[in-house]
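Work the whole structure out from these sequences, hints included.
Each chain is listed here by its residues.
Protein chains: 2
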Amino acid sequence: MREVAVVGIGQTRVYEHWDKSLRELAGEAALEAKAEAQVANIESIYVGNMMSGVANQQGQLGAMVADWIGERFTDSVKIESACSSGSAAFRMAYLAVASGQSDIALAVGVEKMTDSPSSEITGALATAADADWEVDHGLSFVALNALIMKRYMHEYGWQGIDFAEFAINAHANAVHNPFARFQKAISEEQFIKSTMICDPINLMDASPIGDGAAAAILVPVEMLAPNLPRIVVAGSSAATDTISVHDRKQPLWLSAAEKSSKSAYAQAGIGTEDIDVFEYHDAFTIMAALSLEANGFAQPGKGPTLAKEGAIRVDGKIPVATRGGLKARGHPVGATGMYQLVEVVQQLRGQAIGTQVPHPEFGMAQNIGGSGSNIVTHILKREN
Amino acid sequence: MREVAVVGIGQTRVYEHWDKSLRELAGEAALEAKAEAQVANIESIYVGNMMSGVANQQGQLGAMVADWIGERFTDSVKIESACSSGSAAFRMAYLAVASGQSDIALAVGVEKMTDSPSSEITGALATAADADWEVDHGLSFVALNALIMKRYMHEYGWQGIDFAEFAINAHANAVHNPFARFQKAISEEQFIKSTMICDPINLMDASPIGDGAAAAILVPVEMLAPNLPRIVVAGSSAATDTISVHDRKQPLWLSAAEKSSKSAYAQAGIGTEDIDVFEYHDAFTIMAALSLEANGFAQPGKGPTLAKEGAIRVDGKIPVATRGGLKARGHPVGATGMYQLVEVVQQLRGQAIGTQVPHPEFGMAQNIGGSGSNIVTHILKREN
Numbered sequence: 148m149r150e151v152a153v154v155g156i157g158q159t160r161v162y163e164h165w166d167k168s169l170r171e172l173a174g175e176a177a178l179e180a181k182a183e184a185q186v187a188n189i190e191s192i193y194v195g196n197m198m199s200g201v202a203n204q205q206g207q208l209g210a211m212v213a214d215w216i217g218e219r220f221t222d223s224v225k226i227e228s229a230c231s232s233g234s235a236a237f238r239m240a241y242l243a244v245a246s247g248q249s250d251i252a253l254a255v256g257v258e259k260m261t262d263s264p265s266s267e268i269t270g271a272l273a274t275a276a277d278a279d280w281e282v283d284h285g286l287s288f289v290a291l292n293a294l295i296m297k298r299y300m301h302e303y304g305w306q307g308i309d310f311a312e313f314a315i316n317a318h319a320n321a322v323h324n325p326f327a328r329f330q331k332a333i334s335e336e337q338f339i340k341s342t343m344i345c346d347p348i349n350l351m352d353a354s355p356i357g358d359g360a361a362a363a364i365l366v367p368v369e370m371l372a373p374n375l376p377r378i379v380v381a382g383s384s385a386a387t388d389t390i391s392v393h394d395r396k397q398p399l400w401l402s403a404a405e406k407s408s409k410s411a412y413a414q415a416g417i418g419t420e421d422i423d424v425f426e427y428h429d430a431f432t433i434m435a436a437l438s439l440e441a442n443g444f445a446q447p448g449k450g451p452t453l454a455k456e457g458a459i460r461v462d463g464k465i466p467v468a469t470r471g472g473l474k475a476r477g478h479p480v481g482a483t484g485m486y487q488l489v490e491v492v493q494q495l496r497g498q499a500i501g502t503q504v505p506h507p508e509f510g511m512a513q514n515i516g517g518s519g520s521n522i523v524t525h526i527l528k529r530e531n
Numbered sequence: 148m149r150e151v152a153v154v155g156i157g158q159t160r161v162y163e164h165w166d167k168s169l170r171e172l173a174g175e176a177a178l179e180a181k182a183e184a185q186v187a188n189i190e191s192i193y194v195g196n197m198m199s200g201v202a203n204q205q206g207q208l209g210a211m212v213a214d215w216i217g218e219r220f221t222d223s224v225k226i227e228s229a230c231s232s233g234s235a236a237f238r239m240a241y242l243a244v245a246s247g248q249s250d251i252a253l254a255v256g257v258e259k260m261t262d263s264p265s266s267e268i269t270g271a272l273a274t275a276a277d278a279d280w281e282v283d284h285g286l287s288f289v290a291l292n293a294l295i296m297k298r299y300m301h302e303y304g305w306q307g308i309d310f311a312e313f314a315i316n317a318h319a320n321a322v323h324n325p326f327a328r329f330q331k332a333i334s335e336e337q338f339i340k341s342t343m344i345c346d347p348i349n350l351m352d353a354s355p356i357g358d359g360a361a362a363a364i365l366v367p368v369e370m371l372a373p374n375l376p377r378i379v380v381a382g383s384s385a386a387t388d389t390i391s392v393h394d395r396k397q398p399l400w401l402s403a404a405e406k407s408s409k410s411a412y413a414q415a416g417i418g419t420e421d422i423d424v425f426e427y428h429d430a431f432t433i434m435a436a437l438s439l440e441a442n443g444f445a446q447p448g449k450g451p452t453l454a455k456e457g458a459i460r461v462d463g464k465i466p467v468a469t470r471g472g473l474k475a476r477g478h479p480v481g482a483t484g485m486y487q488l489v490e491v492v493q494q495l496r497g498q499a500i501g502t503q504v505p506h507p508e509f510g511m512a513q514n515i516g517g518s519g520s521n522i523v524t525h526i527l528k529r530e531n
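So the sequences go chain by chain: R and L.
Per our numbering: the first sequence ends with 531, consecutive numbering throughout.
Per our numbering: the second sequence ends with 531, consecutive numbering throughout.
Calculated from the structure, these hints are not laboratory results.
Where hints are given, some of them may not hold.
Some but not every residue of chain L turned toward chain R, in silico, with C-beta under 8 Å [said to hold, decoys possible]:
{"#": "1", "residue": "205"}
{"#": "2", "residue": "226"}
{"#": "3", "residue": "264"}
{"#": "4", "residue": "268"}
{"#": "5", "residue": "271"}
{"#": "6", "residue": "275"}
{"#": "7", "residue": "279"}
{"#": "8", "residue": "290"}
{"#": "9", "residue": "294"}
{"#": "10", "residue": "295"}
{"#": "11", "residue": "385"}
{"#": "12", "residue": "406"}
{"#": "13", "residue": "409"}
{"#": "14", "residue": "413"}
{"#": "15", "residue": "520"}
None of these values were measured; they are calculated from a predicted model.
Positions of the beta carbon are idealized from the N, C-alpha and C atoms, including for glycine.
This is the structure in structure tokens:
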């Protein structure tokens, strides 16, 4: 398969965009990516989206996006894998170019959540859990994560406050990101005093929903002009697990994350220690901890230790959520994976103003669907 | 890219399967295909589905299917492009194998529609239309097709009765298909007397919804045992159009069908006249007529003429809906494209008992999403 480069990126701010429709959001990000890439005809389009059928009464976003951005008649479909839909779409675009099927592919993640009734959105989010075996018993998606967090605290002896640094770091970084939903820092005191949502998850443990879109253009590496930053897809891998958490042998271990990152590391020919920046899926602080562990950055149960030591800060050993993460940049579910990838590209280009990691070579983005049931990992590499 | 063969197929009957869940339906078809293919580990799974989020409160069918059929940790996503989701999933599986990404890929289309409230299903079907510009004005999906049919009748001088043969042929063929929802013939008199749903579309112009799943296993051609029927993907192409019908220059011409079939013909190195069997997308009789025209089998406005001449029957020039089509086999929307492909494989293998076309070499399946906004065309070829 051919080597693939990311040549253009675009994003809207994650926000309550009540004045912009689904197609306008997707179009804004996609056209920005296309303009930056300076490409003519897009040959394949993959749209990552989780809940447009429920939240926006709109299906076939493939056709919707293709038409809106002036690419009518292009091959275009929607890819859905709950909250990992965005990076699943990127993976399809990568495969389309790597295989030789297309020379220019667009991946765009889009979600519009804030002008639907919140009960509808809670229901739509619950489609990421198992309808027959979890939701049917009354579990919402946050409740599922609360159960995991409670078990984790019991098993490893942590308290709620031990997760504060994940949120504080994310918010500190988002201050510098004009596309973040919450561009403000939070203190430990604010974390402690924040409202309990679903014990032990408080408001500061949880990422906010939002409206937004992010996009990237992928081309074969030989199409890149020599003066451009050469940012290639060094590893791409996806793995599934049971949707129901109770079906897993180890409910505190993200097996699909481990499987997909190991495969991505192998493709890139590197190890955990070579990753310079990691955009992880901190939908809840417990997911931040579990991600650090499953991908080899911390021992089981030691995710919070890494955070407390400052290792996850921009100047730490493994900078995470460098543009705010899901916690502060925001989590427009089906778009999130594309935001992560766009942010890794910004880091590798040296465009992460205010939170730039010094001269990163490898950046990893990992996007989690469900409570760990569909996980997509990408490693991008700057080659010049 | 590598040449790809279809090595195993499976399907459930299209029916009101109130005793089977979404995963059971998908699993039944997928495991049958896998058993027939006699393959070990599936490397990629693509699930075509339109409305599980709305109708079944279940997202990420990729993970759901992978786990249920014993392929936990496999790379698996859901593909959605409204009613063409099934063949869009097949196209992804084809690309995965053709590119060298996977040696064994599974495509499965599944939909479960009959134990949801019918108002919910009508709403879910309307997500195939444009939420902002069509549905917002009160149009349901059948109403949209009724407008197209009315215009077609006005433009070319046809009456409602002139569409009868499309339905009569489909039902006549379904008598021989144990997987069809309606395994009974209808007469012209029954067509004339059938209930008007949305003028000029009567009950016999419209395909029934249903629950069902169909699946196929794809492998590189060199993996095929020499004694097996060598059925290869000779052409695969998808094209989009505007979702809103009023945005098209020619509302009576399926431009995306023309574009995708022309590309598929070119890939296969053949012309319209070489197609021996055509599984078309007769969601409504008007779509049957428009499909025959856009793909070169009839002149504009002459689709009904072809039907009246008997050319669409099993012994005619261009046999269509040979296992009942959407009209009588049934239309479990996101699964339909996979049923079409499974039926083409049956024809090429000589397994279409009761409606076998004599020694077909090329079979075409065309799946339409929306009112022509996302169209996927495949040409399969029997090579031995």
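### Query
Of the hints given before, which are not true for this structure?
Hints 3, 4, 8, 9, 10, 13, 14 are the ones this structure does not satisfy, whereas the remaining hints hold.
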